[in-house]
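Participant: One-letter residues, chain by chain:
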Amino acid sequence: MPKMPPQVVRLVLLTIGIVGSYLIARYFLTPASFNEYGHYRGAALMEIASHPVVFAGKKSCEDCHFDEFERLGRFEHKTLSCEGCHGAGQAHTENPDIRLAILNFSHCARCHEANPSRPSWHKQIDLRDHYAGEACTECHVAHAPSQVPESPEAP
Amino acid sequence: MTNAVTNIVVELMPHFEGYVYPNEATPQPLWSILIVLYPYITGLVAGAFIMASLVRVFRVKALEPVYRLSMLTAFAFLLCAPLPLLFHLGHPERCLEVMMTPHLTSPMAIFGFVYAWYLMAVLLLELWFDYRRDLVAWAEQTSGFKGMLYRLFTVGVTDVSEPALKLDAKIGQFLSVVGIPSAFLLHGYVGFIFGSVKANPWWGNVLMPIIFIMSAMVSGIALCVFNYMVLSWIRRRSIDMKCLDVMGMFLFYALVMDAAIEGLDWIHRVYSAEEGFKIMEYMAKEKLFYTLNLGQALMGTLVPLLLLGSLQIRALRQRAPEWLRRRLYFIGSVLILIGVLAMRWNVVIGGQFFSKSLRGVMSYKMEFAGLEGWFMGGLMLALPFIILTVLIKLFLSEKLPSAGHYEPASLKP
Numbered sequence: 016m017p018k019m020p021p022q023v024v025r026l027v028l029l030t031i032g033i034v035g036s037y038l039i040a041r042y043f044l045t046p047a048s049f050n051e052y053g054h055y056r057g058a059a060l061m062e063i064a065s066h067p068v069v070f071a072g073k074k075s076c077e078d079c080h081f082d083e084f085e086r087l088g089r090f091e092h093k094t095l096s097c098e099g100c101h102g103a104g105q106a107h108t109e110n111p112d113i114r115l116a117i118l119n120f121s122h123c124a125r126c127h128e129a130n131p132s133r134p135s136w137h138k139q140i141d142l143r144d145h146y147a148g149e150a151c152t153e154c155h156v157a158h159a160p161s162q163v164p165e166s167p168e169a170p
Numbered sequence: 087m088t089n090a091v092t093n094i095v096v097e098l099m100p101h102f103e104g105y106v107y108p109n110e111a112t113p114q115p116l117w118s119i120l121i122v123l124y125p126y127i128t129g130l131v132a133g134a135f136i137m138a139s140l141v142r143v144f145r146v147k148a149l150e151p152v153y154r155l156s157m158l159t160a161f162a163f164l165l166c167a168p169l170p171l172l173f174h175l176g177h178p179e180r181c182l183e184v185m186m187t188p189h190l191t192s193p194m195a196i197f198g199f200v201y202a203w204y205l206m207a208v209l210l211l212e213l214w215f216d217y218r219r220d221l222v223a224w225a226e227q228t229s230g231f232k233g234m235l236y237r238l239f240t241v242g243v244t245d246v247s248e249p250a251l252k253l254d255a256k257i258g259q260f261l262s263v264v265g266i267p268s269a270f271l272l273h274g275y276v277g278f279i280f281g282s283v284k285a286n287p288w289w290g291n292v293l294m295p296i297i298f299i300m301s302a303m304v305s306g307i308a309l310c311v312f313n314y315m316v317l318s319w320i321r322r323r324s325i326d327m328k329c330l331d332v333m334g335m336f337l338f339y340a341l342v343m344d345a346a347i348e349g350l351d352w353i354h355r356v357y358s359a360e361e362g363f364k365i366m367e368y369m370a371k372e373k374l375f376y377t378l379n380l381g382q383a384l385m386g387t388l389v390p391l392l393l394l395g396s397l398q399i400r401a402l403r404q405r406a407p408e409w410l411r412r413r414l415y416f417i418g419s420v421l422i423l424i425g426v427l428a429m430r431w432n433v434v435i436g437g438q439f440f441s442k443s444l445r446g447v448m449s450y451k452m453e454f455a456g457l458e459g460w461f462m463g464g465l466m467l468a469l470p471f472i473i474l475t476v477l478i479k480l481f482l483s484e485k486l487p488s489a490g491h492y493e494p495a496s497l498k499p
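Protein chains in written order, with my numbering: chain A, 16 to 170; chain W, 87 to 499.
Because the hints were derived from the structure by calculation, they are not lab data.
Given the structure is predicted, the values throughout are model-derived calculations rather than measurements.
Where hints are given, some of them may not hold.
Said to hold, decoys possible - Cut-off 20 Å, straight-line C-alpha distance, at most; resulting in silico cross-link-like pairs (PhoX-like, lysine-lysine):
#1 W:K364 / W:K442
#2 A:K74 / A:K138
#3 A:K93 / A:K73
#4 W:K256 / A:K18
#5 W:K252 / A:K18
#6 W:K147 / W:K284
Can you build the whole structure from these sequences, using the hints too?
Facilitator: So, in structure tokens, the structure goes:
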């Protein structure tokens, strides 16, 4: 049998070394639960699920704020989630002393500032031309958009 | 109140015109300067390698003086090729995960395989077989850290007998032959990543991989011309005019092919005038006017075509003095390098300048500092040149005599 040239022998050994150390590294560094369900760590699902809950959900608002909830359900904004405007509310459900923000302006602009990509049936205004006053709630009721507020502070 | 409102308007609506979907109205495109540099650097690698294989595979003897410089250029740029991606993703500490859990069906993840193949199986091996004889000699001549490096690079093989060198040359030749389709694969892959995006008329195009390969060859050869001239100038060496003329010739013909294919692409777009054509026309005339018409087409293609083309006319070339030819080649190659960078910009940024509605356009003003800013882009482009300087000091040193590119009698034409 002809002798293998030394440079080829060395390269083969080097390749075996590199591939071998790669396989060893892979054995130790691949997360245990990888590929359990797909191309990701199976344990990641539990890790994400165990994060503290931040949003309480619309249902939990109804338990205490029944009147507002019922009013919201009768008007245009009935499909919106409470926390969509008021922010995450889990902390507030656990401790009512932690107050959620009373909003009167910026959350309206988020949906109603004119944008050509919005459907034309969606009510839109150019904020700069529409009203230069202090707050949207001076003229609009967020929970009942087609009504006029009795007092400027009413939500 | 008015101020507050104005601020919100600006925050809600970044710079765009016409119909833009809310998810597209972001302050800057998802893929910005780092993703522009990624195909640019990868293309330079593929081009420089193809330039080197002209010597090895196609036996273009006149290019012998730039063979090793081209290979080292390809190597230095290849080492930097994945860096823009890594920085863009923003979690460099996770870089090993692509190795530990390789994904076999994701086109983006396939870059890991293409890159590893090209670096480990082609470029490094070819360099090693080509340099083996010199490495053994240098390991004996030098001491200290440098000597240690050379000894390390020999991997303990000191056999430089005639049959061993013959075998080296044969394997090197084989690797070079394998290397050409590999270089095409490397950059064709980058073109494929853009060309396979069906939803984007600016990208989704079967010609994209070919356009990328052609522009890579052009930019790679231009980079070799640039590097050779700058290195000769730094070392105060006279330039081998025959070599430079041949490089200029290949650069010219590669540019002709590249311009023809890109022209064909545009003719096809204009003639078929599919649904996305109106917005593309607007892009070419307005949004990308400077980078596409002036940068890519005029300065990056037409002017170099004229400069290099005039030197292909024998009567003109013979009449032109050496200094003039040198200048024309230098200016031509620098313009091409800038033009191809503009082309990468037009592809990557251009594809994100218009809305998927095809009825609105976005704008983007590059910041200076920050991850995707001018400074970072400049740094990213300077890094391969810094690495190349180190490589040249180690492997193209004037202090260490080199036996050069070994070619046994049986392999000579």
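Participant: Please go over all the hints and tell whether each is borne out by the structure.
Facilitator: The hints, checked one at a time:
1. Between K364 of chain W and K442 of chain W, the direct Cα distance comes to roughly 13 Å. Compliance with the 20 Å bound is thereby established for this hinted pair.
2. Restraint check: the Cα-Cα separation between K74 of chain A and K138 of chain A comes to about 27 Å, which exceeds 20 Å; the hinted pair is violated.
3. Among the hinted pairs, K93 of chain A with K73 of chain A is consistent with the structure: their alpha-carbon atoms are about 11 Å apart, no more than 20 Å.
4. In summary, the hint linking K256 of chain W to K18 of chain A is supported, as the alpha carbons are separated by about 17 Å, within the 20 Å threshold.
5. As the CA atoms of K252 of chain W and K18 of chain A are separated by approximately 16 Å, the hinted pair is consistent with the 20 Å bound.
6. Only pairs whose Cα atoms come within 20 Å are accepted, and K147 of chain W paired with K284 of chain W is rejected, the gap being roughly 44 Å.
Hints 2, 6 from the list above are not met by this structure, while the remaining hints are.
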